[in-house]
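S.K.: Quick note on numbering: the sequence shown equals residues 1434 to 1704 in the working numbering.
Any given hint could be a false lead.
[As the list claims (entries may be wrong)] Straight line, CA to CA, 20 angstroms or less: simulated SDA-like cross-link-like pairs of lysine to any residue:
no., residue 1, residue 2
1, Lys1533, Pro1521
2, Lys1542, Glu1496
3, Lys1608, Ile1655
4, Lys1533, Leu1513
5, Lys1608, Pro1634
6, Lys1685, Ala1647
7, Lys1640, Thr1697
8, Lys1608, Trp1539
9, Lys1572, Lys1685
10, Lys1608, Trp1624
11, Lys1504, Glu1517
12, Lys1533, Trp1624
For the record, the hints were derived by calculation from the structure and aren't laboratory data.
In this text the structure is predicted, and so the values were computed from the model without any measurement.
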Amino acid sequence: MKRILLAIVALAVIAAGAWFLFLRSSGIPVYAVTVAATHPHDPTAFTEGLFFHDGALYEGTGEVGSSYVRKVDPASGKVLQQVELPAPYFGEGIIAFGDKLYQVTWQDKTGFTYNLKDFALGDTFTYTGEGWGMTQNGKNIILSDGTPVLRFLDPGTMQPVSTLKVTANGCPVEKLNELEWVDGEIWANIWQTNLIARIDPGSGQVKSFLDVSALGPRNRDIDDVPNGIAYDGATKRVFVTGKRWPQLYEVKQGAAMNNNEEVTKLTRCTR
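Hey, can you work out the whole structure from these sequences and the hints?
M.R.: Now the structure itself:
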């Protein structure tokens, strides 16, 4: 009798564990993307930052010795303006706020401002930790640093005024990289994955994921990951690209997906 009771208890524990894992791995929608248009993109650009402003794309790249900020015609890929970031800096995210363009660096804890019109170098600023991606919500500049915590910065001082912890089914979402503000949501590339997280800026919860694994070169280098989201609010167009990708894509949300392994790992708090 004791053996039967122990077996029943064991089965109940296994069933409860399986049900818990099911709940943890379900409930957040995952969508593929459809491509509305494809444009040329510099295949040597190690894209770290991307945003759309007044009909042009602005792109920041990384790697020491080849970091720069560019203004680009999105249709042709033609570079309209460019300023280089000298060694030893490794460029990361960029964003415009007012008449300034802001750029952070990876591990140097130093950021730069430029005149948005002519790229004239302005003031520098400092911050703690690493610099990854940036966007803005009309009030604050939002900075990612590779952790699950986004910082909301005062554009005048570049000092934090608040933070937001990003979670998916209660699991912290690390490696938040390039950011974009899209119709009241924060969109974030998750480094070393094919996922874009759509984040509620009030709660920090991931509302859904976009899977961009169908885009980019088929046989890409391990570092040539998806990175770069830009939103044209006037036409509701979303642009995405990746590090050293030869294409810039206009994308829309596609069909729902099932059994996405990358999302399963994130929502079960596994690495």
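S.K.: Hint by hint, note whether the structure agrees.
M.R.: Hint by hint, here is what the structure shows:
1. Only pairs whose Cα atoms come within 20 angstroms are accepted, and Lys1533 paired with Pro1521 is rejected, the gap being roughly 23 angstroms.
2. The hinted pair formed by Lys1542 and Glu1496 meets the criterion: a straight-line CA distance of about 15 angstroms does not exceed 20 angstroms.
3. With a C-alpha separation of about 16 angstroms, the suggested pairing of Lys1608 with Ile1655 holds against the 20 angstroms cut-off.
4. With a C-alpha separation of about 17 angstroms, the suggested pair Lys1533 and Leu1513 falls inside the 20 angstroms cut-off, and the hint holds.
5. Distance hint between Lys1608 and Pro1634 is fulfilled; the C-alpha atoms sit about 17 angstroms from each other, no more than 20 angstroms.
6. Simply put, Lys1685 and Ala1647 have alpha-carbon atoms about 13 angstroms apart, close enough for the 20 angstroms limit, and the pair holds.
7. Pair hint Lys1640 plus Thr1697 holds up; C-alpha atoms about 15 angstroms apart against a cutoff of 20 angstroms.
8. Annotation: proposed proximity of Lys1608 to Trp1539 holds, straight-line Cα distance about 13 angstroms (limit 20 angstroms).
9. Between Lys1572 and Lys1685, the direct Cα distance comes to roughly 27 angstroms. Violation of the 20 angstroms bound is thereby established for this hinted pair.
10. For a cut-off of 20 angstroms, the pair hint linking Lys1608 to Trp1624 stands: about 5 angstroms separates their Cα positions.
11. The hinted pair formed by Lys1504 and Glu1517 meets the criterion: a straight-line CA distance of about 12 angstroms does not exceed 20 angstroms.
12. Distance restraint check for Lys1533 and Trp1624: the Cα-Cα separation of roughly 27 angstroms exceeds the 20 angstroms cut-off, and the hinted pair is therefore not satisfied.
Hint compliance for this structure: hints 1, 9, 12 are not met, and every other hint is.
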